[in-house]
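Enquirer: Build out the structure end to end from the sequences listed, making use of the hints.
Residue numbers (full-length UniProt numbering), protein chains in the order written: chain A, 1 to 104; chain B, 1 to 104.
Hints were generated in silico from the structure; no laboratory data involved. Quick reminder that beta carbons are idealized off the backbone N, C-alpha and C, glycines included.
Interface residues of chain B toward chain A, partial, derived using beta-carbon atoms under 7 Å:
1) 3
2) 19
3) 32
4) 34
5) 35
6) 36
7) 38
8) 39
9) 52
10) 86
11) 88
12) 90
13) 91
14) 94
15) 95
Chain by chain, the residues:
2 protein chains.
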Amino acid sequence: MYGLIGRMTARSGQREALIKVLLDGVGGMPGCLSYVVAKDPANPDLIWITEAWESREAHRASLALPAVREAIARGRPLIAAMESVAETVPVGGQGLAASARSQG
Amino acid sequence: MYGLIGRMTARSGQREALIKVLLDGVGGMPGCLSYVVAKDPANPDLIWITEAWESREAHRASLALPAVREAIARGRPLIAAMESVAETVPVGGQGLAASARSQG
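Expert: Have a look at this one:
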């Protein structure tokens, strides 16, 4: 599996709009096992995104999906900064698709 | 919703054993919407844990569950360091329980 932990800073006052764009784009992405969008409670512009994918390739392929490309285009003007916190290798847990619940 | 992003450093050579303890303890925790355990690909001792819960209280209550208390006791000797990266407010995404897929 392939995982990402990232932080996205919305332009001032644009976090809600950016979250909507992010959530609109995440339905039915092949190979996506988990994609959680969260607000930072202390910083009103900060969004955390934690992801788990069947593979790096599945994640890369998702970037070509029309819905994702559209979300990226709609989201870009709302984003002040993006930061990758970590690339990870998910190994299991709760909230992953059944096939991935415990893989090395 | 209530979320956590954390890093755990296993004692040298103990990451696999610690991951097993973590995964053993996560089944059926009430209010747990997502709990993903991941390896850091660059650091052989580092584990990332990303969590989403229905509420802070649900997370706190989980710490009293027998299976979780046992996992904490078994895991403690294997842990060199723990660090909270962020407390978050998940607002939706994929891989969360149906009831939580899009909440404020």
